[in-house]
Amino acid sequence: MREYPKIIRLGERAILLEFEPEISLEILKKLLSLKRYLQEKLLKQDVEVTNTYNSLLISYVSPIEDAYGEVFRLFEEFKAAKISFKYQIRLFHIPVCYDENFALDLEEISRAKKLSKEEIIGLHSSVDYLVYFTGFLPGFLYLGGLPETLHFSRKIHPRQSVPKGAVGIGEKQTGIYPQASPGGWNIIGNSPVPLFDPTANPPCEIRSGDMIRFYPVSLEEHEKIKEEVQRGKFHFKIEQNG
Amino acid sequence: MAEAEILHPGLFSSIQDLGRFGLREFGVPVSGAMDQQAAGMANLMNGNEPDTAVLEITLQGPKMKFTGPTQIAISGADLSPELDGVKLENYKIYSVLPGQVLSFGRRNTGYRAYLAVKNGFKTEKLLKSRSWSPGITPHNRLEKGMKLPFLGSEARGSEKNAAVNPDAYITSAVIEAFRGPEFELLSASEKETLEKGNFSAAKESNRMGIQFQEKLENSLQPILTSPVLPGTVQLTPSGTLIVLMRDGQTTGGYPRILQLSEAGINTLAQKLPGEKLQLKLIKYK
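Protein chains in written order, with our numbering: chain A, 1 to 242; chain B, 1 to 285.
Honestly, I wouldn't trust all of these hints.
As the list claims (entries may be wrong) - Restricting the straight-line Cα-Cα distance to at most 27 Å, the calculated cross-link-like pairs of lysine-lysine (DSSO-like) are:
hint	chain 1	residue 1	chain 2	residue 2
1	A	K41	B	K128
2	B	K191	A	K164
3	B	K128	A	K233
4	B	K215	A	K44
5	A	K233	B	K125
6	B	K283	A	K6
7	A	K114	A	K30
8	A	K44	B	K285
9	A	K6	B	K191
10	A	K44	B	K128
11	A	K164	B	K128
None of these hints come from the bench; they were simulated from the model.
Throw the hints in and build the complete structure from the sequences for me.
Rendered as structure tokens:
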């Protein structure tokens with residue numbers, strides 16, 4: 001067994017730093033500190049550093065002679081310096097309409113779990129979810145923190161198309177589809193907020209290390225927010241915490 | 001602005017450049033030309049910068065009319081290009097006059113051809129790139145009636161041709177690959193199948209990913225969702241091998257058993273569904 005992190009080449013223009021295979025805030029904090037350190041040391045136009053649950057990927061714009069050596073050296077420096085960055089945690093409040101018009105599978109979960117729809121909605125919107133990273137689709141946030149009571153297996157027959165904004169539960173995860181896509185998660189609502197806009201800079205406001213909390217809105221409010229988004233008048237409600 | 005007006009779209013074509021670097025953070029696929037060597041060559045011959053937008057043409061080419069003068073170079077797959085019915089050759093520069101029609105015919109070699117005009121196509125730039133990509137740009141394939149803008153440039157008559165026709169990598173059956181992060185978890189027989197077996201692209205392949213028809217026995221568990229790149233070979237629970245290509249997602253939860261070399265990606269981009277290929281495991285220098 002090699003010790004973590006493993007430093008692995010991934011093709012001719014990327015290096016992977018892999019930490020213990022765990023989903024935890026502790027690992028994420030470590031990754032984000034190291035990510036920030038590498039971003040400061042490497043040229044932004046030539047190198048991109050991104051993270052998942054337990055990996056950092058350092059990708060170069062073109063194949064580079066000694067990327068492995070460079071990353072290895074920077075990691076040793078980082079360890080020796082015992083650097084830990086302070087993060088300001090941002091909490092995004094995200095409206096979700098749990099109306100039956102959107103919540104295609106809420107009934108099924110309610111029956112299977114012997115919980116009322118209101119209890120499920122209450123639970124889903126009562127906790128803060130940690131954004132681990134964005135992947136799968138542009139603007140798709142990998143969230144941690146779904147209460148165990150709401151864990152629910154994926155649909156046996158995935159839908160051909162899940163609408164943009166659909167809020168779903170799949171196994172231990174919950175998330176929002178940023179665009180229409182095939183999908184196997186159980187749909188319990190819809191959020192009208194823009195998670196990805198290719199014409200905006202940056203195209204996503206919410207990032208790895210942020211937190212989000214859902215709050216229930218009515219069909220009418222959902223429609224109103226959707227209009228605000230279309231007119232470019234929508235702004236996220238964000239709380240900044242030390 | 002002069003335009004190339006699409007009279008017939010062909011099978012599947014899209015505008016591509018080097019893609020969107022630096023946006024993995026947001027889950028944005030890098031996109032860009034599937035065969036970057038060919039796209040780069042078409043630009044180089046035309047005196048264009050490497051990140052100039054070209055038209056990537058898959059198997060059956062489009063028919064288009066130019067409204068202004070330019071010079072063109074075609075590279076990659078040989079799809080029998082013709083200008084006003086006169087045969088053209090790949091890897092040569094041709095002058096095009098207003099009103100002339102470019103068309104394509106029978107496929108001779110390869111799968112994807114690249115058309116570069118002088119100074120490139122000036123379609124809309126989104127997130128630092130003109131590459132068409134599903135979910136990012138308004139279009140992802142060429143359609144009849146579209147008009148691809150370019151800066152008309154004086155036709156200069158014939159210019160010197162590229163010295164070599166680098167066809168070898170296009171017709172090669174050998175795809176180079178490094179061992180992926182989860183390679184060592186494979187059993188000895190799985191490894192042997194990978195190294196010795198014949199593979200071929202399945203019909204369900206596209207710019208996002210190329211599946212192989214042949215399956216591998218799979219005894220591996222899924223991994224925590226982790227970074228993937230163009231050229232990452234994933235092994236799905238059913239044993240299907242999927243090579244992520246330029247429009248591929250940025251993260252995935254299947255074991256990453258191989259990582260194609262840059263040359264391997266370019267060669268694979270030129271393979272027809274069903275065409276035989278072998279994987280050659282190579283080591284990092």
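Q: If any of the earlier hints don't hold here, list their numbers in rising order.
A: 2, 4, 7
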